[in-house]
Amino acid sequence: MSRFAATRSAVLLTWQAAPHLVIGRALVMVVQGVAPLAAAWCTKYTLDRLTGPDPTVALVAPPVLLLALSALLVGVLSPVDNYLGNELGRRAGLVARRRLFDAVAGLQGLRRFEDPEFLNRLRVADSPGSSTPCQLLSELLSLGKALVVVSGFVTSMLTLSPLVTGVVVLAAVPAVLAQLAMSRRRAALLWNTSPLERREIFYSSLLTQIQAAKEIRLFGLAGFLGDRMLAERRSADVLRRGVDRRDFATQTGLALLAALVSGAGLVWAAFTAVGGSLTAGDLTMVVAAVAALQSGIGGAVMAVAELNHDLLVFEHFREVERTEPDLVEPARPSALPVLRHAIEFRDVWFRYGEDLPWVLAGVNLTIPAGSAVGLVGHNGAGKSTLVKLLCRLYDPTRGAILWDGVDLRDVPVAELRLRIGAVFQDFMCYDLTAAENIGLGDLSAITDLKRIEAAGRNAGVDAAIRSLGKGYRTLLSRNFADEAVEADESDEDDEAGEGPGSTAFLSGGQWQKLATARAMLREDRDLMILDEPSSGLDADAEHDLHNRLRSLRRGRTSVLISHRLGALREADLIITLSEGRVIEQGSHHALLARSGVYAGLFRKQASGYQLEELAQ
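The sequence shown begins at 1 in the numbering used here and counts up by one.
Do not take every clue at face value.
Claimed, not checked - Computed Cβ-Cβ distance ranges for the label pairs, DEER-style:
{"id": "1", "residue 1": "Asp448", "residue 2": "Gly106", "range": "34 to 40 Å"}
{"id": "2", "residue 1": "Trp349", "residue 2": "Gly226", "range": "40 to 46 Å"}
{"id": "3", "residue 1": "Glu321", "residue 2": "Ile583", "range": "31 to 37 Å"}
{"id": "4", "residue 1": "Arg594", "residue 2": "Gly362", "range": "17 to 23 Å"}
Treat the hints as calculated values from the structure; they're not laboratory data. C-beta atoms are modelled at their ideal positions from N, C-alpha and C, and glycine is treated no differently.
Work the whole structure out from these sequences, hints included.
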């Protein structure tokens, strides 16, 4: 993208946020640019008339009044501009942040979030990037103001000394080049420190969040992780220090050059005035012009440098906006029929990267409509990956997945996902109320307490929620509560925290039931995916949950993954995966009779529950 196109995009974004504020700031900048020139000329005329042959009030009053008016304008417009700039920054920041995260939300798959370069770019774009459009506009207006000042005083100085004017203007050339070089270094620094800052934040979050607190304290990791965090900070500081030193040397040299030029101009003006070639008013004009030119050129140079820096940063914002989707939406989408026949995997191959091994290697299987299908296999066999492909979080590298004959890639992603309910093994615990935690499963029901309570009952978590301080309105958080009602750490899996407060935190098993309730809001969907839905539950709770699921999903299509093979016994079809391939499938009894991999896993697991005393 060209610099012009990036600038245009930033200005349009800011205009979209608040056009009246943009116009207001532009008018203020114009007046602020003209006011110093008007003040200088008023001062010149005042002095010339006071030192003239016949000074009178009538002659002196007009320039004095204009001088007072210009001073008043400068004084009043400064806070006005400050207010307009702050308000415009807030509004433009909201628009920019909305656009940035709309772009991120538009990435419907997971692949971009596994790309470190994209994550670095996203951090740069979200850190200063969301406020950059307003900053760019401010720098353009500052540049315009500086150019008004410079052009006005250059014109005025040319009438007094073209030579001095030329020297002052030429002295700005190295300043422009140096400031542009500094802005490039600053933009590069932001990019180079981004991965270091991300790792620093990672270690910091480990040290300050509850999720890792137990292991960190049990294993004595605080010092180790703290050293890692500070090491990342030190590495970033080394880069920052190097840039600061170069900038310090550059700025010192530019300051000395500016002082030399300014001093030489003032000496010339003083000696010329002594010789009678300049009036007292001319002398004040030269003094004001040299100072204004130095300040105006410096401001213009700084505005150009900052503009260049922010354009480089804004490039990352625009790159995130223009990131190609990782899942391609169909040009001519097909309607997704109600599932009546089957979901088919036809020669499906998948790997997470071109240089990574195949996770699925030629999978062929059929999930009959209305049936409960269990997926079995060792860790890494490809079970969870198969589920991700079903939800179209990724597309197959080769092969196709058909829903009653329709390729999932021919269906809009959002339409497919509306037809699926799911409980994932790595489910989320949101710092929201219990009702909201369940309601997120179907946003159309987020305020429908009856549906939410029904989902809680179906998942077996209703009683636990009602025992909390405010029932379904209880905030489930340890991060945002003033007084958290916490579970007894010594018996965390058995009881949730109880008490009179409005906050609580559930046990691991209760959180898992809550995640199941979230999926239960979609119990009427075509497909329900259950990835280890009972891994955190005790035997009674697991048995109860699976009975509830069978009752609710009877006659509907379900896919269940569980390492507890007893939970799969009543599945209509059990499919065993190994090294990304289907190696056997059938009912529980048929697979036991075959004495294959499933039978071996089931008997090994079952033997752990058979006591020798009972076997005798």
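Hint check against the structure, violated hint numbers in rising order: 1, 3
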